[in-house]
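There are 6 protein chains.
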Amino acid sequence: METLENWQEKAEVLIEALPYIQRFRGKIIVVKYGGSAMVDHELKKSVIRDVALLKLVGFRPIIVHGGGKEITKWVNKAGLETNFVNGLRVTDKDTMEIAEMVLNKINKGLVSMMEKVGIHAVGISGKDGTTLRVEKKLSKGQDIGFVGEIKEVNTRLLEELLENDLVPVICPIGSDDEYHSYNINADDAACAIASAMGAAKLAFLTDIEGVYEDPVRKETLISRMTVSETEKFLASGHVGGGMLPKLQNCVDAIKSGVSRVHILDGRIEHCLLLEFFTDKGVGTAIIADNEEE
Amino acid sequence: METLENWQEKAEVLIEALPYIQRFRGKIIVVKYGGSAMVDHELKKSVIRDVALLKLVGFRPIIVHGGGKEITKWVNKAGLETNFVNGLRVTDKDTMEIAEMVLNKINKGLVSMMEKVGIHAVGISGKDGTTLRVEKKLSKGQDIGFVGEIKEVNTRLLEELLENDLVPVICPIGSDDEYHSYNINADDAACAIASAMGAAKLAFLTDIEGVYEDPVRKETLISRMTVSETEKFLASGHVGGGMLPKLQNCVDAIKSGVSRVHILDGRIEHCLLLEFFTDKGVGTAIIADNEEE
Amino acid sequence: METLENWQEKAEVLIEALPYIQRFRGKIIVVKYGGSAMVDHELKKSVIRDVALLKLVGFRPIIVHGGGKEITKWVNKAGLETNFVNGLRVTDKDTMEIAEMVLNKINKGLVSMMEKVGIHAVGISGKDGTTLRVEKKLSKGQDIGFVGEIKEVNTRLLEELLENDLVPVICPIGSDDEYHSYNINADDAACAIASAMGAAKLAFLTDIEGVYEDPVRKETLISRMTVSETEKFLASGHVGGGMLPKLQNCVDAIKSGVSRVHILDGRIEHCLLLEFFTDKGVGTAIIADNEEE
Amino acid sequence: METLENWQEKAEVLIEALPYIQRFRGKIIVVKYGGSAMVDHELKKSVIRDVALLKLVGFRPIIVHGGGKEITKWVNKAGLETNFVNGLRVTDKDTMEIAEMVLNKINKGLVSMMEKVGIHAVGISGKDGTTLRVEKKLSKGQDIGFVGEIKEVNTRLLEELLENDLVPVICPIGSDDEYHSYNINADDAACAIASAMGAAKLAFLTDIEGVYEDPVRKETLISRMTVSETEKFLASGHVGGGMLPKLQNCVDAIKSGVSRVHILDGRIEHCLLLEFFTDKGVGTAIIADNEEE
Amino acid sequence: METLENWQEKAEVLIEALPYIQRFRGKIIVVKYGGSAMVDHELKKSVIRDVALLKLVGFRPIIVHGGGKEITKWVNKAGLETNFVNGLRVTDKDTMEIAEMVLNKINKGLVSMMEKVGIHAVGISGKDGTTLRVEKKLSKGQDIGFVGEIKEVNTRLLEELLENDLVPVICPIGSDDEYHSYNINADDAACAIASAMGAAKLAFLTDIEGVYEDPVRKETLISRMTVSETEKFLASGHVGGGMLPKLQNCVDAIKSGVSRVHILDGRIEHCLLLEFFTDKGVGTAIIADNEEE
Amino acid sequence: METLENWQEKAEVLIEALPYIQRFRGKIIVVKYGGSAMVDHELKKSVIRDVALLKLVGFRPIIVHGGGKEITKWVNKAGLETNFVNGLRVTDKDTMEIAEMVLNKINKGLVSMMEKVGIHAVGISGKDGTTLRVEKKLSKGQDIGFVGEIKEVNTRLLEELLENDLVPVICPIGSDDEYHSYNINADDAACAIASAMGAAKLAFLTDIEGVYEDPVRKETLISRMTVSETEKFLASGHVGGGMLPKLQNCVDAIKSGVSRVHILDGRIEHCLLLEFFTDKGVGTAIIADNEEE
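Chains as they are written, first to last, in the UniProt record's numbering: chain A, 1 to 293; chain B, 1 to 293; chain C, 1 to 293; chain D, 1 to 293; chain E, 1 to 293; chain F, 1 to 293.
Derived from the structure by calculation, the hints contain no laboratory data. A hint or two may mislead.
Given that identical chains are not distinguished, each listed pair holds provided it fits within a single copy or across any two copies.
Listed below are the simulated DSSO-like cross-link pairs for lysine-lysine, each with C-alpha atoms no more than 30 Å apart in a straight line [stated by the list, open to error]:
#1 Lys-45 - Lys-137
#2 Lys-280 - Lys-136
#3 Lys-280 - Lys-137
#4 Lys-27 - Lys-151
#5 Lys-27 - Lys-116
#6 Lys-69 - Lys-93
#7 Lys-218 - Lys-151
#8 Lys-218 - Lys-232
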């Protein structure tokens with residue numbers, strides 16, 4: 001049975017969130033949504049409600065998502081052949097067509113989930129309003145098909161959506177000068193959008209606990225690094241494959257004016273709220289050299 | 001070789017468009033895009049450029065499109081079984097998933113084509129901003145799956161996009177109170193949107209020349225009908241299967257305040273411009289009883 | 001030691017507040033601040049922080065306060081004589097002067113407390129911008145001095161302050177047509193302001209647990225009454241002295257369009273948050289007859 | 001008889017105008033209206049409709065006109081004597097009075113013609129809102145009366161008219177510091193206004209085909225010159241009397257930020273449309289050195 | 001020599017104006033400018049400065065002027081023949097042309113005078129922005145040429161000018177559906193404009209002291225009449241030729257919502273200020289039946 | 001008896017004010033209200049009406065007031081002890097409490113007087129909206145209690161009030177970083193506010209005739225000094241006690257961008273109007289070195 005004391009403790013929790021709410025009011029937060037948090041239904045609902053709360057208390061969230069394993073599933077379903085160049089899958093026209101369909105499906109699914117919790121959202125791709133302009137990305141000089149690198153973010157549509165109190169949900173597809181569709185790495189897209197929008201925060205929902213000095217020793221989890229430290233760490237040669245481009249993205253984002261980048265463990269329920277409304281950091285935060293919180 | 005006279009004739013054509021431009025300046029025009037105009041590449045480019053011109057001279061176009069034969073193609077590709085109820089295909093969860101993917105692909109493709117001619121467009125489904133709220137549509141009382149009937153159009157997002165000088169491109173998917181996705185007949189969606197937005201015009205791009213009193217006698221093509229005449233015609237029992245719901249939509253739209261509905265032959269290049277900027281009507285216009293142009 | 005589970009429970013509390021925040025977003029809430037909550041320092045800080053949180057999550061609070069026992073203290077300090085008419089203290093010119101000084105001091109003290117928690121507040125009296133126009137209030141036909149009854153609320157200044165994201169803190173002094181100062185009952189002022197501003201809620205912080213059917217039997221605490229029930233209850237003749245005008249105020253407020261009036265026990269910490277963000281009602285709510293939450 | 005093909009050709013003409021419309025949308029275009037285009041009734045109507053079309057498709061035109069031969073006609077009618085200094089007519093007080101009356105009559109006549117084609121226009125002189133401030137212009141040091149040189153353009157009134165979707169029609173009269181009226185050369189006025197308003201284009205409607213390298217050899221018509229080439233040409237000493245100040249004006253305008261100046265043959269119907277909406281240039285264009293179209 | 005007391009008396013005069021300024025702040029006042037006040041240079045300057053002061057203290061004046069005797073002078077100068085119908089001069093095309101020129105000259109002269117005292121003014125005719133739409137006015141069924149009767153006042157341009165802090169100076173020329181120019185009686189124009197603009201006051205500057213019950217007995221000057229009294233007076237048959245249509249205009253204006261109409265003696269310096277800022281009425285005021293000042 | 005001539009003379013007075021009104025339209029004027037002008041009832045009414053007139057003709061006045069002798073009166077009434085440090089009274093907590101009450105009483109009294117003459121005013125202290133942030137001011141290194149020195153003026157609330165056409169009436173209380181109340185010298189507060197708001201004028205109402213070169217020789221009254229001259233004068237060592245900080249304030253204000261500071265004799269009725277609307281200066285004006293009026 002809930003007693004009055006229980007209820008008052010709950011009220012205290014709300015009060016504790018006060019300074020965090022005040023600090024980030026009106027600020028833009030880009031959430032890169034991916035990994036387990038996109039697969040597990042409970043986690044998915046938890047992320048969506050976390051974003052809803054961020055929105056309601058005054059933050060201005062933008063969601064960027066990837067396609068995870070769904071693209072592969074549908075490519076297989078369609079019985080498409082897959083070619084590799086330098087170990088990378090080539091995105092030919094047919095694959096791109098399927099990728100675009102799957103990403104848009106996921107995109108509108110997230111929109112529905114946001115609407116369901118009462119938050120008006122709009123799902124767009126980087127092609128809408130020419131938001132993401134790309135050029136072909138080569139892999140060691142070789143053409144791997146419709147894989148794009150962002151040249152320019154046109155922020156106009158995003159600004160209008162935010163201005164009108166809507167949450168943009170973005171799938172990482174862009175267009176080149178000929179208006180062909182290109183697949184973009186979702187981490188890259190989130191980073192470029194956070195930089196272009198002058199976001200206060202960029203959070204990556206991942207399937208890891210954060211960055212380790214030495215991945216085999218759990219106790220070496222880094223909870224905070226300055227951008228200089230991150231660059232040294234990158235230069236050290238000890239950063240593993242998947243983490244390297246992500247950390248490089250973090251460095252770029254901070255240098256473009258994003259105040260803080262978070263690599264969060266998306267498998268922990270409410271990791272966004274824990275990070276933003278409490279002193280319990282979950283994961284690794286990359287901060288500017290001169291930042292003092 | 002072009003002579004000065006040729007050029008001056010061209011200028012005269014522009015001048016002839018003057019009164020039409022003046023009449024519809026700032027007016028909303030909903031274009032239901034479908035049929036051959038969605039398949040033939042030249043026609044597709046022609047429609048897009050027509051809409052671009054309408055936009056540039058001051059109209060505010062909204063495009064609503066269907067999925068044509070592409071959905072069937074992809075359903076087959078995915079090897080899905082198809083069930084029928086009262087002769088109508090049942091849209092089960094898997095079919096709906098594919099339908100949504102295909103419609104979004106077409107949607108973003110149209111956006112790209114608009115952007116290519118320099119017009120900023122945004123592709124949304126009726127789920128974005130809960131624009132189209134639906135309830136399940138039964139076929140003679142029987143459940144045929146995720147086929148929706150529009151209960152409410154929330155115009156807020158569309159108004160914002162128009163306000164910001166963007167062309168909305170809408171695919172006919174809506175959500176019910178549980179935020180599940182439903183397929184909507186594109187003609188119905190166009191009609192509901194035109195009514196809710198107070199459009200001045202609603203144009204259906206079709207694969208027929210217009211409405212015939214007697215379809216087998218080409219000379220009985222009706223170029224203009226009042227809404228009363230249309231209702232009488234509908235009551236006469238002579239209206240064929242495909243045309244019946246479309247004409248009913250026309251009647252509904254006019255009664256909701258749309259000034260004029262056009263059933264255009266989308267196979268004729270520039271049919272939109274011919275209809276709106278010249279005295280050459282192409283197809284059948286349904287007008288209000290008291291309208292005098 | 002706080003474990004991850006503790007933190008996640010806290011996050012759950014925030015998530016639970018979601019539907020409440022959504023429901024009242026942008027709504028005006030008038031808080032009549034008085035009684036113990038004005039004396040006990042810890043309670044005072046708790047009320048202020050509750051209001052701050054209400055403000056930050058999107059409510060638009062207005063505080064109306066009385067002078068409590070401070071006026072008496074200062075009147076005594078100044079060695080003023082006190083006259084009574086029908087058992088009511090006469091507010092002569094000197095008493096009014098002191099009352100005004102004391103109320104303004106309390107007013108600016110509340111402003112400081114709000115500013116201290118980071119919320120911009122502005123302390124005004126009903127004389128500023130001629131917000132509260134009064135006429136002399138007689139006690140059974142007898143003049144009891146500068147005691148005013150509100151004739152008109154000029155909402156312009158309050159609207160401007162709210163529009164500019166400021167919290168108005170109002171002391172219950174008004175001016176008559178000759179611009180003399182009059183003391184106003186703070187409950188009356190709160191009720192008149194809530195009505196004129198179209199507030200969604202009006203909350204009285206009191207020193208009682210709520211309204212009892214029978215005050216000597218604690219178990220008869222009424223947690224919710226419709227306005228009709230309240231009127232019947234008032235007509236029953238069982239309502240005690242202090243509660244009668246307050247309940248009458250509640251009835252008037254509901255009839256003027258305020259959706260809900262709360263008589264809260266200000267001695268319970270966070271009573272505002274408990275009432276507005278949880279299902280734990282503390283005190284008595286008066287609701288419109290047709291209201292269904 | 002017009003066939004469907006004819007109509008489709010017309011539509012193609014509209015489509016051809018698309019890129020031109022896009023390029024100049026929202027841009028200010030100053031049209032110096034004079035010469036035959038002001039006398040021949042058909043040409044006059046053609047110019048007005050051209051300007052109307054420019055307006056409707058999104059340009060923001062400003063018309064500056066002179067008085068042509070009308071002033072002389074009315075001066076003669078009034079039986080005024082004419083004095084000359086250095087071969088220039090002296091504008092004494094009486095002549096100025098008549099000039100002002102005639103210019104205002106022409107001004108309001110143009111306004112009527114614009115209104116007739118459905119474009120809201122406002123006829124002002126440079127005295128309204130102190131738009132054109134002048135000082136006396138001397139001819140080789142000698143006073144020739146109320147002939148003014150523009151010192152300052154106050155753009156406020158013009159900006160307001162454009163902002164309110166109105167076409168300003170301006171007659172070249174200004175006021176000095178004592179608020180006396182002065183006649184201004186209409187070419188100078190058009191140039192000063194185009195510069196001050198940051199016009200994208202300035203077009204002079206003249207009675208010549210354009211600028212010739214050698215006026216006696218029609219084949220030497222120059223269709224495009226950079227501003228440097230124009231300056232060299234001016235320095236060459238080969239530029240004839242009437243053309244010299246006009247070309248100097250063109251150079252000044254380009255240097256003040258006008259992108260392009262056109263000397264058009266106003267005797268050719270629709271010369272404005274031909275120049276702005278087709279690739280058929282009519283006359284001579286002066287462009288900035290670094291311009292690449 | 002001015003003493004401190006003299007200066008303080010001056011300050012008192014300003015203070016006396018306080019309640020008048022307060023009452024009419026932001027109100028529109030239409031001044032029909034005519035008669036001696038347009039001829040005598042000192043009076044002219046006095047009127048202009050009065051209007052400037054009205055403007056500066058917060059009124060929004062609109063000036064409507066006639067052409068007085070100048071039109072006749074210029075018609076004679078041009079040696080035009082004059083025809084009469086029912087004793088009224090026929091305004092043929094040539095006469096209208098001259099009238100329009102003269103009116104525009106006077107118009108821009110008033111603009112200059114306003115600008116000279118630092119008030120930004122814009123001189124327009126009723127043709128600008130199609131402000132005054134007229135139809136031909138017949139004299140006992142006979143055509144007397146380009147004499148117009150106002151059918152409609154399009155207030156858009158006037159509202160924009162007022163909005164932008166400019167004083168409109170209007171000459172009474174309108175256009176018919178074919179956009180021909182028509183001369184309008186200036187009193188009629190002032191009355192129609194005051195009605196359409198919802199003016200608080202309409203003041204006629206005349207050459208008489210006001211309305212007399214019996215013109216031969218100066219002591220019968222009426223200083224105030226209600227609209228009913230005015231109608232009775234008009235019905236009495238005692239109202240002389242020139243005054244009759246003016247009084248009829250006054251009645252119409254009051255009935256269209258103008259609060260008060262003043263027939264002022266324009267020969268008295270500062271008659272506008274005397275009327276609006278002091279208790280010294282000069283002339284006759286027509287007020288609504290229910291008005292109590 | 002008032003004759004027409006009398007009235008016309010009055011009108012001339014209004015006209016004489018024209019250029020002054022024009023010069024200061026929309027400009028901010030800070031009036032430091034103190035001394036006799038706060039005690040004598042007639043003078044008080046005269047000041048208030050002067051400010052009302054300034055407001056109505058377009059100035060934007062801000063009033064800053066002190067507490068004069070009232071604070072001392074109430075401190076005595078409350079029987080508080082007074083301690084001195086370096087000859088300065090120590091403002092302990094109790095004294096500060098009384099000072100704040102008295103200042104707020106005076107503040108709301110001024111608001112009432114403004115409202116009475118029809119001007120909407122809002123009485124605030126420097127604590128509202130954290131308008132005045134202070135730090136403790138020491139007297140030769142010694143703590144003299146709650147006496148504050150302004151560190152920062154937050155102009156947001158003042159700007160909003162002015163924007164909304166309200167006259168701010170400010171009492172000189174500020175808050176430190178802990179949000180304690182501090183008394184501020186009213187002259188300092190007026191100066192800091194004038195500087196921060198970019199006031200055009202700052203006027204001190206004093207009980208002296210102005211600044212004298214030699215106070216014992218009345219004929220040495222200085223009517224105008226440049227800021228350099230004032231600094232030299234301050235450096236000369238001839239400036240008496242009370243005047244020294246005031247002149248230093250004047251110098252600081254001018255250097256912060258206030259165009260002109262006036263030390264006026266508040267005992268002369270309408271001294272504000274005399275100074276601002278006539279050539280009769282009353283008191284001493286401090287002007288910038290490069291100012292030429």
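- Query: Given a CA cutoff of 30 Å, do Lys-280 and Lys-136 count as a within-copy pair, a between-copy pair, both, or neither?
  - Reply: This pair counts as neither: shortest intra-copy Cα distance 41 Å, inter-copy 38 Å.
- Message: My question is about Lys-45 and Lys-137: at a cut-off of 30 Å on alpha-carbon distance, are they close within one copy, between copies, both, or neither?
- Response: between (34 Å within a copy, 28 Å between copies)
- Message: Checking an output row: Lys-218 and Lys-232, CA cutoff 30 Å. Within, between, both or neither?
- Response: Classified as within; 21 Å inside a copy, 68 Å across copies.
- Could you figure out if Lys-27 and Lys-151 sit no more than 30 Å apart (CA to CA) within one copy, between two copies, both or neither? both (25 Å within a copy, 28 Å between copies)
- Message: Checking an output row: Lys-218 and Lys-151, CA cutoff 30 Å. Within, between, both or neither?
- Response: neither (38 Å within a copy, 50 Å between copies)
- Task: Have a look at Lys-69 and Lys-93 and pick one of within, between, both or neither, based on CA distance no larger than 30 Å.
- Result: Close inside one copy (19 Å) and across copies (20 Å); limit 30 Å.
- Query: With identical chains treated as interchangeable, where does the CA-CA distance between Lys-280 and Lys-137 reach 30 Å or less: within a copy, between copies, both, or neither?
  - Reply: Classified as neither; 39 Å inside a copy, 41 Å across copies.
- Could you figure out if Lys-27 and Lys-116 sit no more than 30 Å apart (CA to CA) within one copy, between two copies, both or neither? both (24 Å within a copy, 22 Å between copies)
Hint check: violations occur at hints 2, 3, 7; the rest are consistent with the structure.
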